[in-house]
Every structure is written in C-alpha cells, then in structure tokens.
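Next come the chains, spelled out residue by residue.
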Amino acid sequence: DAGVIQSPRHEVTEMGQEVTLRCKPISGHNSLFWYRQTMMRGLELLIYFNNNVPIDDSGMPEDRFSAKMPNASFSTLKIQPSEPRDSAVYFCASRVGEGTEAFFGQGTRLTVV
Amino acid sequence: GESVGLHLPTLSVQEGDNSIINCAYSNSASDYFIWYKQESGKGPQFIIDIRSNMDKRQGQRVTVLLNKTVKHLSLQIAATQPGDSAVYFCAENIASGGSYIPTFGRGTSLIVHP
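Taken in order, these protein sequences are the chains called A and B.
Residue numbers for the first sequence follow the working numbering, so the first one is 1 and each next one is one higher.
Residue numbers for the second sequence follow the working numbering, so the first one is 1 and each next one is one higher.
FYI, nobody ran anything at the bench for these hints, they're computed from the structure.
Predicted, not measured: the structure shown is a model, and the values here were computed from it.
It cannot be assumed that every hint is accurate.
Unchecked claim - Computed list of chain B residues with no C-beta within reach of chain A, every gap over 10 Å: (1) E15; (2) A29; (3) R61; (4) K68; (5) G83; (6) N93; (7) S96; (8) T103.
Unchecked claim - If you only want the chain B side, here are some residues facing chain A, beta carbon under 8 Å, derived: (9) E39; (10) G43; (11) F46.
Each residue gets a CB set at the ideal place from its N, CA and C atoms; glycine is no exception.
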C-alpha cells in the first residue's frame, strides 16, 4: 500500500482565493483525520470522519473551513476564502479502527500571501 | 481543558548515547498512547504504542514506559544514531463524540551529534 496520499504537496495562493486539499486514506481504514500543524499551536485536530461520516468537527476554525468525505477513498478540506493566518502544514491521517495507530500522509504546505 | 505536554522542547545527544524523551499527560481516562517521529518535511511516523494495562513495551532500540500514577510517558532510544534526529510527539487517545481521537503534545526536537 502506498500509504495516505495527499495532494498537492505545496500550495501557494493569494488571500481570498479558494483552496482545496485532497486526501486518499489507506484502503480498508474507516477513520480519517485532518490536522493542521503550526509552530505556535503544534498539531491540531480539525475534523474526524468515521465510516465517511463527520464525527467531530469542533476543531474547524470557522465557517471558511469545510471538509467532505464522499466515499471511503477520498476526502477534501476546503478553505474559502483563504487568509494569511491559514498558512500551515495540513495533514491527513487514517486508521483501521479505535485503539490503533493513525497513519499520516506527507502533508500539504499551504502558504497564503 | 486536559492536554498532553512535553517537558523538554530540545534534546541534544551524542551518537551512541541513549536518549530519553518525556511526556506528561493529564487525562486519567486515556487508555492508549502512541509515540510518533516526524522528520523535516514529512508526516508523523508511528514508532511504538502502549495501552494503559501495560507499564512497559519494547521495540527495536526503543522502549516506552508508562507511569499511570504520575501520568507520565517516556520514550527511550538506545544507541542513538544521527538518523534518529527528528521531532518526537506523544499522543493520547481522548474520548470525543463517542470515539477516541489522537491528541498530540507539542513535541521534542532530538538532535544527535555524530
């Protein structure tokens, strides 16, 4: 298995533009997480899906952020409109079930100028 | 709120020495803990895990110790190598919405000098 696949690896966009980050979890994993990593705040959970259903989105900063998981093999995180303070590395992770480790993708480094 | 934290933000060691990275957690209900290694430009990578019914678990060159009395985790790396240089995170599974969410500490940067 190729692991969790995220795209793009790097994204530079102008303030106000829409940004869409993509994730393909490991096949057979039923849980998917989106995290954001910054120097100031570390790794923060944004949203958690179980069996494609959003379970906990309390970490989503504001209405500008939205996430979807239309099927077991694909998820998106969208920011509209983007702001400079959204600049961070965004990670997607998946796991096979409760009480098991989560596997992370390589991340998307987002820069909003 | 309860959180996972690390005592030492940076640890410098000589190649061949043993390294110990510490982590304090505050959620007494947590029953599963994971150590991750993150190299520059990469995502966190699983190293070892431990459940609350254990106090020690060993892997290849790594050992995790769990002290539930004082809510403390440690990761011991034997014969540290330059390739071990990375940021190390501990994570605990915290209950949320009927599920358990990996919640991360701030990380410790391990620097191994050749």
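Status of the hints after comparison with the structure:
| no. | hint | verdict |
| --- | --- | --- |
| 1 | E15 | 27 Å, holds |
| 2 | A29 | 14 Å, holds |
| 3 | R61 | 18 Å, holds |
| 4 | K68 | 17 Å, holds |
| 5 | G83 | 18 Å, holds |
| 6 | N93 | 7 Å, violated |
| 7 | S96 | 5 Å, violated |
| 8 | T103 | 7 Å, violated |
| 9 | E39 | 11 Å, violated |
| 10 | G43 | 3 Å, holds |
| 11 | F46 | 5 Å, holds |
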